[in-house]
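K.L.:
First to last, the sequence lines map onto chains A and B. Per our numbering, the very first residue in the first sequence carries number 1; after that it's consecutive. Per our numbering, the very first residue in the second sequence carries number 1; after that it's consecutive.
Hints are computed from structural coordinates only; laboratory data are not their basis. Built from N, CA and C at the ideal position, the CB exists for glycine as well. Misleading hints may appear alongside valid ones.
Covered stretches of chain A (chain B as the covering partner; in silico rule of three or more C-beta atoms under 8 Å from a C-beta of chain B) [what the hints assert, rightly or not]:
no.: 1; region: 13 to 19
no.: 2; region: 80 to 88
no.: 3; region: 123 to 131
Not close to chain B: a few residues of chain A, all C-beta gaps over 10 Å, as computed [to be verified]:
no.: 4; residue: Asn5
no.: 5; residue: Pro6
no.: 6; residue: Ala45
no.: 7; residue: Val49
no.: 8; residue: Leu91
no.: 9; residue: Ile98
no.: 10; residue: Asp109
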Amino acid sequence: MNAANPSPEQAQAALAEAAARAAGVRRADRPLRNLLFAVAGTWLAAAAVISLFPRGGSLVADVSIAAIMLAGIGGIVFIGTRVKALSRWALGWFAVSIIGFCVWSGLVDGVSLWSGFWASRQGSHFLITVSVDVIPLVIAGWLVGRRR
Amino acid sequence: MSHPRHLLDDLLGHPVRFSIMALLAAADRAEFGFVRDQVEVNDSVLSKQISTLQEAGYVKAHKGYVDNRARTWLSLTGQGRRTFERHMSALREIAEGDGVQSPRPALARVKT
């Protein structure tokens, strides 16, 4: 290839090469999907335990929740160390997803409390609310996975 | 109007350097081993080309540690990003300049 004066075909080949390299970076964003699902999964698992022991004060529940949180954090750190490259889109999307999750879950939890949906000894209600809480994370992770 | 070839960057005429810049332009940052595997070169070739790009002010390297192992992360500088964008614009103009239309959407615009 004449680098100083490429032909249209050579320029097209270079553009195709750039597109292929960009696609490689987008594929490398996929651990981000696992990261978002790991956060959602940790939240849901902890909520499921709380729902099983709505009265609280159970050592089994306390130990289970601690174990779930430790496993969740460990999993998130493990996935994080496997990230080899991140696109600018992925970094922005991750930040937007987490902020969206915090705002959305605050609203959902607030409505649950205000409406009386959450009350003492209503075990499954907590799990239902948390299932709604994690919707933004699941959608965000799904969209990352669809990106080609 | 001058020919778009005048906007091409001489340094990016080298295929390996162009591939490195194309990869880093799509990334916020990328690990050295990832770049090596994607561009399909060995460590020494990549190191040499990265040094050339660093000397030109196009690429910066940061050292980090994961699992007590050293890792080098690469990213484009602002100057590197601007130079690559200008180079890509020139390539697009050349590719379409004689009426040849891009057969694939990816040729029209590289998604980042």
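K.L.:
All the hints need checking, so say for each whether the structure fits it.
P.N.:
Hint-by-hint comparison with the structure:
1. 13 to 19: Since 6 is at least three, the answer is holds.
2. 80 to 88: holds (count 6)
3. 123 to 131: Violated: only 0 residues of the region 123 to 131 of chain A have a Cβ under 8 Å from chain B.
4. Asn5: Not fine: 5 Å to the nearest Cβ puts Asn5(A) too close to chain B.
5. Pro6: violated, 6 Å
6. Ala45: Correct as stated: the minimum Cβ-Cβ distance to chain B is 26 Å, above 10 Å.
7. Val49: Answer for Val49(A): holds, closest chain B Cβ roughly 30 Å.
8. Leu91: violated, 5 Å
9. Ile98: Holds, since 16 Å exceeds 10 Å.
10. Asp109: holds, 32 Å
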